[in-house]
Amino acid sequence: MNFGFTEEQELLRQEVRKFLDANAPMEAVRKLAETPEGFSRALWKQIGALGWLGLTIPEAHGGAGLGLVDLVVVLEETGRTLFPSPLLATTLAAAAIRDAGSEAQRARWLPGLAEGSAIGTIAVVEAGDRLDPGGVRLAGRREGGDWRITGEKLQVLDGATADLLVVAFRTGSGDGEIALGVVERGTPGLTAETTPSIDGTRRVARLRCEGVRVAGDALLGAPGAAGPALARLLDQAAAVVTAETIGAAEGALRLTVDYARERVQFGSPIGRFQGVKHPLAEMYVDVESFKSLLYYAAWCLDQGDPEAPRFVSMAKAYAGEAFARIGIDGVQLHGGVGYTWEYDIQLYLKRSKWARAAFGDPDHHYDRVARLRTEAR
Amino acid sequence: MDFQLTPEEETFRAEVRAFLDEMLPPGTHTMDPAFLAEWHRRVREKRWVGFSWPREVGGGGGSIMQQVILKEEMAKRKAPPLGTCFMGLAWVGPAIIQYGTEAQKQRFVPDILDGKVQWCTGYSEPGSGSDLASLQCRGVRDGEHYVVNGQKIWTSIAMWSKWIILLVRTGPPGVEHKHDGITCLLVEMDTPGITVRPIRNMSGGAMFAEVFFDDVRVPVGNRLGEEGQGWKVTVSALAHERSSIAEVEGLLRKLDELVELARRAVKNGRPALEDDGVRRRIARCETRIEAMRMNGLRFLTKQLKGEPLGAETSINKLHRAALEVEMGDLALEIQGSAGHLEKEVEGGRWQRFALNWPEVVIGGGTPNIQRNIIGERVLGLPKD
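Chains as they are written, first to last, in my numbering: chain Y, -9 to 367; chain D, 182 to 565.
In isolation and in its complexed conformation, chain D is listed as follows:
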């Protein structure tokens, strides 16, 4: 057991910190578009965008440990998002690098790295829920095109995206394995026949949308991987998800804000932070967050040894889900009877936080799906 970093890793951390000190001095956080563009350009210049991607496609070729350090330091400073490329960097880029043709790599990867093109991911469908492979949206080959008909739902940021990475069923109906016959297509969102309808959520905002496809013609050259191999393409793209150590920094910052809220808020006639129940719940959250960090370090050790991560990552997904709900509830309860008011306290940011947990909790597999995964793949219990 050894938690020290090598001198090279420490040097890298110092480099990252120095850069962040320069770019993000305390109190200067801004979401001003000009600043965001400059921020992206400077990070890109360092090759820290797509940091784990091979250098030949324009990535940074960074090691796993360096990636962790970079993400951790950025999260500690609450660094702004990079351009408009979250989905592109998280899922689309890695999939294209692994399965794309030379032409596809040249066409799509630089734009993702430069933050020029917003991507969304068309996986979920009405009725498919956690059973992603049961999707029904069809793609029928017609000469040099696939003609797509069907609907996607829960498509994050579809209304602001220029491209979608789409899963369609191309195989014959009733194939033996439902994972067979799925094909992955890269589709431009302004292609005729695509309609996007935002889904208004319970906090009043909209992060997700429904996307409708009505005889949408997609050139065969925009197919990613072989026909019928779309499931494999998707699964390996999802496997790029790295350990959740960086998430922990964000959650700890959120917890600090919760502590400050509890210092100011009055509960039963005194600061909420003096209430034993509140204090213990804060400590409980902190304990779960640090457990996530330490679990993440154990997973990371496996990755560093070249072992694949399996069902164990579900552990931290469950923690994250529980924490989102618990911290939101706690924030509202700290506010006492004002907890139910929409905008009274801090402009209502905690109210929105307490209502937005499904974005994190349900996306990527509900908690009960995670429990099934652990029960079956780790504990060896019989399948449902």
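Here chain Y stands alone, though its shape is the one from the complex:
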């Protein structure tokens, strides 16, 4: 029994942190957030060369063949500094192709995603906001061996810059009749429009498909059989968002603790007052706790352990709730200045609003936890 990171993982953490400190301090993050694409192509190439993008891609396809637990190390660090990049999106597209694709499909798409020459994403959320295979309405129509898809996807991470989009669509009206198809950027009928997010360090898009052709050999798995793959992908998505949330929440806590140690009021650093000390202690309790849940969830996903869905949902629900509280308390404990554009704490609050809603809010995930407990036993 060992619930800790290996030496290699700690080294990886140090490298990532060093790179981000040198290349993406908060001033740089703020500048990137205001560019149209929202990230730096130059840094993207560099992190591709450093191996972050291929971390969980098999070695045969240009990656390092490691697991989600290793990726968690990277994501904690990118979360800590709110580093803007299509890392989450690309990682998820790669996971879908790796897990549900054929060997030929892996060979075709994974190397590009691993080196960073292609940006990937997944398109799963739709109007109606249901995060399960039943929520997929985007319709596919068979045309010979190919499919034509029509409909809309929402909140597609980095949808406007992605080169490869893994799109969930419906092959029939039955519950499980879902397919995951890889659509390349520039396919006729496909348009993506960035929808501004309150978290400026994130880019999300509305995706429109009007008779977009999905070639038969671009379907991951058999047509109409991708329900389980989609469910797994949604778990992975909730897990990676939560991994970044650990770092982001720790970053917000650190900023606020530093402020509470320095800021003097009534002749004393405010951190001495229990009205300040206790909420900071609660933040710590919460971060450590959803961190423990997420680490275990990541391990379960790597192992194919049947406990994965339950732990993913517990971690995501707890993280969504706790980080939202941390964002608010962080700003409040800064006093009025916390709400100003100049102070960084407000950037974390905005990230918390994004993270809470992304891939299932706390209610959604608590509902699933309740279902798993009350129905299965």
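Simulated from the structure, these hints should not be mistaken for lab results. Keep in mind that a hint or two might mislead.
[As the list claims (entries may be wrong)] Ranges of calculated distance between the beta carbons of each label pair, as one might list FRET restraints: (1) D/Gln317 to Y/Glu0: 43 to 51 Å; (2) D/Arg222 to Y/Gln4: 22 to 30 Å; (3) Y/Gln255 to D/Lys227: 57 to 65 Å.
[Said to hold, decoys possible] A few chain D residues that face chain Y, going by a derived Cβ cut-off under 7 Å, partial list only: (4) Asp183; (5) Val440; (6) Leu442; (7) Arg445; (8) Lys448; (9) Arg460; (10) Ala472; (11) Met475; (12) Arg479; (13) Thr482; (14) Leu490; (15) Gly491; (16) Ile496; (17) Ile555; (18) Gly556; (19) Leu560.
Cβ coordinates follow ideal geometry from the N, Cα and C atoms, glycine included.
Could you slot chain D onto chain Y? The hints should help.
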């Protein structure tokens, strides 16, 4: 990261399970004294009482991981308590093993292991509250005795105990460090001058008592550790507290009972379990309980590497405290308007549960004390 157990640990778990299958077949739980005595004898025979204690004092010499497995399996089966020795096993035995003389070890440890002697712990005093070291109960040396005068409060199960492990102030008044000058004594409860008065609590029962000492003469041979070293003895005894993984099993069983209650109870004209608010609160409790388990496993990893546990254990104490209150409240709210009746639903067990949380929440440091500990020792905020 690796959550697999070694083959030896799996073998041990299987052994524990087989024993529990034999001793505690489903539906046979009983608090019958004859059964409890037999249960204790059989567990003792396996050397699973005092399992972490050295073999030379009669313990099991078990590894940390084995202890966790044993406690976890016992909690899963809701195994009955071991004899009358909870306090003895939790605090007194470890303190005597670490600081006691040979004579003290021989005199006290076997009785604790055999479950023959009930112990209580005389730490808290009126007015000292969470500031344990401010205690005032005095012990004055008089030849071969200490003469004890003063009062203790919140002494769990004092009315059923034969012995008390007692902290008294022996140093001169006004010493520079208030931790200095405290001495630890082992005192027989039927010594002349001791009076025990149970404290009736808000659920109507009594778990704690006040204990009064009026010129109580304690032989010097019953001092544990050196004079003035009582604080050190106590702190290291409290540090024997192991990770809270076993607690989690108890809380999950309690949650299962809560789910069953919600299945049967009717709220707004339908089963309470169909209510989204109830379901989410149950899920929230489950999430906190599992977070405790996973935090506990991270602490355990530290212990297995030989690193001491610090303020992080306060995390799970805070969770436990919040859960006691939340689960009690939820149980009553699930019952709707019957929630305020004393004995209508399941004999009133949830009502008693909802009123007894202070036993867990306040004992061992209030939540605000835990928050201070985290704020100061982990986050580096200035002291109060």
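Checked hints:
Look at D/Gln317 against Y/Glu0: about 49 Å separates their beta carbons, and that is inside 43 to 51 Å. The hinted range of 22 to 30 Å is not satisfied by D/Arg222 and Y/Gln4, whose Cβ atoms lie roughly 55 Å apart. Range check, Y/Gln255 to D/Lys227: about 60 Å between beta-carbon atoms, so the 57 to 65 Å window is met. The closest approach between the C-beta of D/Asp183 and any C-beta of chain Y is roughly 5 Å, which is under the 7 Å cut-off, so the hint is satisfied.
For D/Val440, the suggested interface contact is upheld, since its CB lies about 6 Å from the closest CB of chain Y, less than 7 Å. The closest approach between the C-beta of D/Leu442 and any C-beta of chain Y is roughly 12 Å, which is over the 7 Å cut-off, so the hint fails. The beta carbon of D/Arg445 is not positioned within 7 Å of any beta carbon in chain Y (closest approach about 13 Å), and the interface hint is therefore violated. For D/Lys448, the interface hint is violated, the least distance from its beta-carbon to any beta-carbon of chain Y being 15 Å, above 7 Å.
With its C-beta approaching chain Y no nearer than about 4 Å, D/Arg460 sits inside the 7 Å limit, and its interface hint holds. Nearest Cβ of chain Y to the Cβ of D/Ala472: about 4 Å, under the 7 Å cut. The hint holds. At about 3 Å, the closest approach between the beta carbon of D/Met475 and any beta carbon in chain Y falls short of 7 Å, and the interface hint on this residue holds. The criterion of a C-beta within 7 Å of any C-beta in chain Y is met by D/Arg479, whose closest approach is roughly 5 Å, and the hint holds.
At a threshold of 7 Å, the smallest CB-CB gap from D/Thr482 to chain Y is about 4 Å, leaving the interface hint in force. The closest approach between the C-beta of D/Leu490 and any C-beta of chain Y is roughly 13 Å, which is over the 7 Å cut-off, so the hint fails. With its C-beta approaching chain Y no nearer than about 13 Å, D/Gly491 sits outside the 7 Å limit, and its interface hint is violated. Given hint, D/Ile496 at the interface with chain Y, holds; its Cβ is 5 Å from that chain's nearest Cβ, closer than 7 Å.
Restraint check, D/Ile555 versus chain Y: the minimum CB separation of about 4 Å is within 7 Å; hint holds. Restraint check, D/Gly556 versus chain Y: the minimum CB separation of about 4 Å is within 7 Å; hint holds. Checking D/Leu560 against chain Y by beta carbon gives a least distance of about 5 Å; that is within 7 Å, so the hint holds.
Figure legend: structure checked against the earlier numbered hints; hints not met, in rising order: 2, 6, 7, 8, 14, 15.
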